[in-house]
Amino acid sequence: MALKNQYKYEWLGLLRDRWIIVLSLILLVVCFYAAHNGKEKVTERQAPLEKAFEEERAADDMYVALIDSVDLGLKPGLPVWQNPQRLNVIGQRAARVCAFEAQPLALVSTGQSDLFTHMVKPRLYGEALTLGFSELSNPVQLLFGSFDLAFVSIYLLPLLVLAFSYNVLSSEKESGTMRLTLVQPVAPTRWLLNKLVIRYIILSVVFIVAFVFSLSISGLSVIAEIGSVVKLIIAVLAYMLFWFGLSFWVNLRGKSSGSNAVVLVSLWVLLVLLVPAIISQLANSLYPVPPRVGMLTELRKAEAEAQKKADEILSNYYRDHPELARTDTSEQSLYPFWLSYFASQEEIRKAVEPILVDYESKLQAQQRTVDKLRFFSPAVLLQNSFNELAGTSSRHYTAYRQQVVDFAGTWREFFVPRMFRNEVMKKEMLSGLPQFAYNDDEVEQQFLADITGLLLLAIGVFSLSLLVYRNQAVERILAV
Amino acid sequence: MNMILKIAAKEMKEVLRDGRFRVLSALCLVLLVVAAFSGKRYYDFVNAQHKEAAEKERLNWTSQEAKNPHSAAHYGTYAFKPKYPMSLLDQGVDKYTGVSIYLEAHVRNEAQFIAAQDQTGLSRFGDLTPDFVLLFLVPLLIILVGFNAITRERESGTLRLLQSMGVSPERLAVGKWLGIMMPVILLTTISFFLAALFLGNLSDFGELSWSALLILFGVYVLYYAIFSNIVLLVSAWVNKSSIAFVILLAVWMVACLGMPKVVTNLADQLYPYPTQQEFMEAVNEDKKKGLDGHDPWNDAARKLEQEVLAEYGVDSVQQLPFNFDGYLMQKGEEHEAEIFFKHYEHLKEIYEKQSRLYRNAAALSPFLPARFLSMAMCRTDYHSHWHFSNEAEKYRLEMMNALNMDFADNSRYGDWSYKSDPELWNKIQPFDYTPPTYASVLSANTGNFVVLVVWLAVSFGFVVIRCTTLKP
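Residue numbers (the working numbering), protein chains in the order written: chain A, 1 to 480; chain B, 1 to 472.
To be clear, the hints were calculated from the coordinates, so they are not data collected in a lab. Some hints could be false.
A partial selection of chain A residues facing chain B, derived with a Cβ cut-off under 10 Å [what the hints assert, rightly or not]:
#	residue
1	Pro122
2	Glu135
3	Phe144
4	Ser266
5	Asn384
For glycine and all other residues, C-beta sits at the position ideal for the given N, C-alpha and C.
Make the full structure from the sequences, and use the hints.
Encoded structure:
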């Protein structure tokens, strides 16, 4: 009965409190702005991709028509290096767009997406051995980061939790109603817990409404993506639970409201700003990323060695400028130059690939180690979940890079054997060219681990506070 | 004056005796030391890597066998960006800019190997480096120490007492300000003294860097003075300490975390960078229109040929005193370099527009100018990166010129099998980068200095105005 009354009156009291309306409005506005920014980012990412696909389609149509005219003998003067019947011409000029399209929830977190390009066109020849995946950007922007929903949830939401709960116990004490409360047949810790639970529920509802509302306004079909949206909400709720746990502990200390505020804010600084920075710095000095420049010198050496061998296959000059070999045609083969060119390229690739593969595996091992450090900070755990569900984590970009490199191989494999067989390009073949499609099946899912970590941290904080203050709660709370 | 000093002394004594200040400043100092030493480890690691790579790369270059100079141009070499000791204090954007530029024929490449690309999302939280402590945590310390400087007097009724004693409000303001500021200056001085000891022991810490360190000290003192003003202003404005604290925390959030992000999103929406693909397509589009150093049938190349023939008064390229192929290639290279220059200038325009936006937004956040000045003095800002990239490009053009002209001067037209003496590789000096002088860094950043000083003056003015109308 007492419990029911407590819930009821607490509820009524909170509803009449202007504080909660202010907090909800702040959250709503901030979520809305963040989702808007996320949407802009996604548009910026998608627009060039759509343009590239359109150009690709137009080019394909053009090549079909061109092949037709060449077949009919309508283009007698067409130079051989523009002749679309030559497989090498199509392999070079009709390179496919390898796009990493934004996933539906990309707008919630910029993640690593501002560091990488989302479109690469691996060509048949002339490509550097290591494809570049950097995006042009102002590094100041990368340094400051984006105001997105991930930022709101990781940095701002805990402050709202604290603002909403820091004085639950101290205010009663300060206004003198504490003694009255203690007269009721409820244990003080239980009574505090109930008050926090009600606040947790209210703030959760406000967050869910603000979150879902701003996502739908930004054009996301929440229904279609309900699975991921629910996962995100669960992660945020677990994160909020952790912060309520801290507030529970600080309230139980029985100090004044002012002291509570200072302690909680210090904890916020510690857990959201300091601990991640310390972990990150530790990772840098204890497990440094295997140095790229070191790999580079190895790569260059291997490349130079292999080139000597390749030169035996191909005249030195043409290796650098294969497009100049356009006059080499003969009756026997349509591609005499190209076949030796690919042979020489193969030689270099064979020398260089092990170095790249080795580097990549070292890098992955390093990242797996650093990944484990995230369990030291709820903020990092939540960020990891956001990036994973938004498809903007470093694991997604690693997968994309790997898939593009694989696709470049597939592309070569399509053309080179056909050139060996002395085939020509037919217009039907254009629609049968290999196509790139990104898939994230190989991306390791860490959501369950993250959520478990968050919940364990939250439960840990609650049970530790209960354990510490169980026996002395009343005395402590009454001490003024 | 006497009264001001008394108030300041009393305030300072309180701050210094207060556990908050002692614990927090000790914490800041510990963090600074940890940050500096762990940063040093990484710094040594990176520098050793770069030194080794630069030496090996030079060896790769000089040990090339006799080959056509243009083949050597395609093999190319690398320029490595040096890290300076001051970067130990402020990492700036270092982790988001590439560290090496591939210098090859025909193409101006972007710097490769951006550290952040090989790190996980964790690195986006920032690293515990001295700038992190100095820019984010010390202002918080000022807030924690001073939020109740005046509200406390009000709450305990001593404000009325002070006024009855005839303390003028301005004196109270200046005294309180000094009382908050002096301990903070003490902390900053100790930090920079430690930094000087630490950096002075590094072998490559040049003499000039001492003045940079001093300027950096000045920047941070300015930055903290502004925060002290804000703290005092809010403390004088509101009645309750707890409200002052919440407001100040919100100010800190907006200035240090919110505004930089908001402006970043705005800059990105107003002045977006082209994507890598768009940029290269625009370059290639221009290249197609112009001179192709490899294609003697190209229109522009034919025109050049006619001009050269006329200039030398001969009627075929075979009669020229040099190999026209080499000459054509050099002209092509110069033309391509111009195209790249044009497009990079365009990029720079966008970047400058974005920078202006950041500077304007500094009206709402003193964090921004302090952030930019700090990394400029440590040579880890974007501007320094541009300078490096431009210098590398200059070197690339000199190198290409030497290679192409060797081909032009020592071979005959059509002789593509010409091989130059490996002595040539040695004759091309290695890339030796000199960063811009501090004078030019300072003049490029006058805007940021002005903004900081205006902030200081305006915020202090507000404090004085507020204090003259202070009611108990």
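Here is how each hint holds up against the structure:
Interface restraint check: Pro122/A against chain B, minimum CB-CB distance 13 Å, threshold 10 Å, status violated. At a threshold of 10 Å, the smallest CB-CB gap from Glu135/A to chain B is about 6 Å, leaving the interface hint in force. Hint status for Phe144/A relative to chain B: holds, with the closest Cβ pair at about 4 Å, below 10 Å. The closest approach between the C-beta of Ser266/A and any C-beta of chain B is roughly 8 Å, which is under the 10 Å cut-off, so the hint is satisfied.
The criterion of a C-beta within 10 Å of any C-beta in chain B is met by Asn384/A, whose closest approach is roughly 6 Å, and the hint holds.
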